[in-house]
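Protein chains in written order, with this note's numbering: chain A, 1 to 180; chain R, 181 to 345.
Worth flagging that the hints you see were computed from the coordinates, not collected in a lab. Some hints could be false.
Keeping only pairs whose Cα atoms sit at most 30 Å apart, straight-line, the calculated DSBU-like set for lysine-lysine is [claimed, not checked]: (1) R/Lys-247 x A/Lys-151; (2) A/Lys-128 x A/Lys-104; (3) R/Lys-247 x A/Lys-173; (4) A/Lys-104 x A/Lys-165; (5) A/Lys-151 x R/Lys-251; (6) A/Lys-128 x R/Lys-268; (7) R/Lys-300 x R/Lys-203; (8) A/Lys-78 x A/Lys-128; (9) R/Lys-268 x R/Lys-249; (10) A/Lys-173 x R/Lys-249; (11) A/Lys-3 x A/Lys-63; (12) R/Lys-249 x A/Lys-151; (13) A/Lys-173 x R/Lys-251; (14) R/Lys-268 x A/Lys-173; (15) A/Lys-173 x A/Lys-151; (16) R/Lys-285 x A/Lys-128; (17) R/Lys-285 x A/Lys-173; (18) A/Lys-26 x A/Lys-61; (19) R/Lys-285 x R/Lys-268.
Quantities reported herein were computed from a predicted structural model and do not represent experimental measurements.
As a plain string of letters, each chain reads:
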Amino acid sequence: MKKLILTVLGQDRPGIVAEVTGVLFKHHCNIEDSSMTILEGEFAMLLVVSLPENMNSSDLKEKFDSLVKKSDLYINIKSFAEGVLKSVVPEPRNYVISVIGADKPGIVYHIAKLLAEHDANITDVETKRIGKGDRVVYAMILESNIPVNVKIPQLESEFAELGKKLSVEITIKPIESLTF
Amino acid sequence: MTVRRIVEYPNPLLRHETIPVAKIDSRIRQLITDLIDTLHAFPGCVGIAANQIGERDRIAIVDVSEKEKDKNALILINPQIVSFIGEKFLREGCLSVQNLTANVKRSDEVVVEWMDESGKERVHHAHGIEAVCIQHEVDHLNGGLFIDRVLNAQTDIFRRKKYLH
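Same shape as in the complex, but just chain R (with noise of 0.2 Å):
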């Protein structure tokens, strides 16, 4: 179980578009495992990239079965939403950045293709928290924010509130 470090804005790892894998070996195998402790280490949170902790792998982790029972946690490996349907406004929080949530204007459905951890091409049409999952995390490897796509930072972003304990 190995936890790893969050890698927080503005560190420029998390601008740069991430690297293709090209082979599933024992290291890409151990960030698999690493990116899921991690992710599991935030109660509530449903997605990570592997920039987020450091690394420069094209892969990411889509976990909604907290929310959606339903629903299997997804292990992007070189992900690429091929289709987008509709439009959804959710407020979207990220590990990367603490201190902020911001309404965020998505598409409501995407087709996304990724390469599973057997090397198996997979293809899956998500719907709602899951699709906006997956167009958060593909933002990510792609060296993208969420706060990049906010429209109206005077209405839409918002700080997190703390609280005197």
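For reference, chain A alone in the conformation it holds in the complex (with noise of 0.2 Å):
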């Protein structure tokens, strides 16, 4: 069965869901997984959706032409990357990162750019500006895989002195999930 990623995005109003998913439905194309959300009013959609036998991803594309064109939706397709999707069972080497403190430019960066010279894997992060004016506050909290070679504790003081020079207080603790 042939899977694909579709992402939609669009000012915010009713009836974006049910416009895209009317158009797979009406193909008989089924949605696996998805993940919606919204930021500053505008919507964005990112679903896997597995197409019938006789259909390709150049026909699902034609399929959403009338749509892109009445409508305002930006809208993608794109197979998936060969490679294994593993799920890991359990997950010791999953660990959450929170970063608080004064809204500047480059925090997102920094925090990035460390994990990603350690390898380290970012498979979620939420971002919140809390507050108005001069007292916003930051938050960000942010899941990664860490390569088992990685040292905790030396990561923990890298953050440290990341912290300092970004003056944000970062803490990352392992994420506990026990499976029974």
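Bring the two chains, given one by one in their own frames, into a single complex with the hints.
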């Protein structure tokens, strides 16, 4: 079964989900997984879609043509990368990193760069600006899968140093999940 | 050494209440061995119930010794929790619900009664993750799943991340 990633972005209004999923339903495509969110009035959808036997990605693109023309939606279709998706059960090396401090440009970049240098994969990021005016506090919660060869105390001290430089508090702790 | 196949949700076996063991015979002894072998085939896994490997008997294994060195594996035949004390939130996962983990509210301590593999009545006051594991397994034996106990689907259920290798 062929699977694709469908992304949709557009100014939020009632009906976007119905319009997009209506095209999928009409052409017998199945939504296997989805994530949707809204940021400052822009609505974004990320869907994993499986196609029926007789359809390929360019066919699906065509099916969305009329919706793209008559709406203000940006719709993109992408194939999956080659490789095997593996679910790790349990997840001994998953960490949550939280960053809290005064907002300023570069916080996300510096944290992400440090993780990338350790070959740590970022799997989830949530950012929030809390407050107004000169009292804005920036909070970022990030999940990362950290390779086994990275020593956590070492990473902690690197984050502590970075936190000082950026004037933010950075904490890193394992995501403890128990499997029964 | 027999590692049995894990029954996954939504298989209805996970929703059936298991049947109390009347007599510990060779079939039950074999089932206990299979449960232990299967549990140990999954690193980091701390408990398993008989219906997770497709059996209807009220038996579960709880083994938190990897996390807490002073603890021994418990072979719980016909377990009943007789007392619940305190509260604890923990992120739980389950071999039978592979794609999700969830924050679940449990009791921090439980008193459990059961029969051991020699037929002797036992009682144990468990704390912390051992207590949570006992509650998770007794839920299984009653046809329950940890996702039934989630208070808020939006904030307390997490997809297990998949990685490109």
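(message) Would the hint linking A/Lys-173 and A/Lys-151 be met if the CA-CA limit is 30 Å?
(response) holds (13 Å)
(request) Decide if the proposed pair is consistent with the structure: R/Lys-285 and R/Lys-268, CA atoms, cutoff 30 Å inclusive. (result) holds (6 Å)
(request) Take a quick look at whether A/Lys-151 and R/Lys-251 sit within 30 Å of each other, Cα to Cα. (result) Satisfied, since the Cα-Cα distance of roughly 28 Å is no more than 30 Å.
(request) Decide if the proposed pair is consistent with the structure: A/Lys-128 and R/Lys-268, CA atoms, cutoff 30 Å inclusive. (result) Holds - the C-alpha atoms of R/Lys-268 and A/Lys-128 are around 28 Å apart, at most 30 Å.
(request) Would you check the hint for R/Lys-268 and R/Lys-249, treating anything up to 30 Å between C-alpha atoms as holding? (result) holds (21 Å)
(message) Against the 30 Å threshold, does the CA-CA distance of R/Lys-285 and A/Lys-173 hold or violate the hint?
(response) Measuring from Cα to Cα gives roughly 21 Å; hence the hint holds.
(message) For R/Lys-247 and A/Lys-173, compute the direct alpha-carbon distance and say whether it is at most 30 Å.
(response) Since the Cα atoms of R/Lys-247 and A/Lys-173 sit roughly 17 Å apart, the hinted pair holds (cutoff 30 Å).
(message) Tell me if the straight-line CA distance from R/Lys-268 to A/Lys-173 falls inside 30 Å.
(response) Given that 30 Å is the threshold and the Cα spacing comes to 18 Å, the pair holds.
(message) Tell me if the straight-line CA distance from A/Lys-128 to A/Lys-104 falls inside 30 Å.
(response) holds (13 Å)
(request) Verify the proposed pairing of R/Lys-300 with R/Lys-203, using a straight-line Cα cut of 30 Å. (result) holds (12 Å)
(message) Does A/Lys-61 sit within 30 Å of A/Lys-26, going by the straight-line distance between their CA atoms?
(response) holds (14 Å)
(request) Mind checking the alpha carbons of R/Lys-249 and A/Lys-151 for me, to see if they're no more than 30 Å apart? (result) holds (23 Å)
Comparing the model with each numbered hint stated earlier shows that all of them hold.
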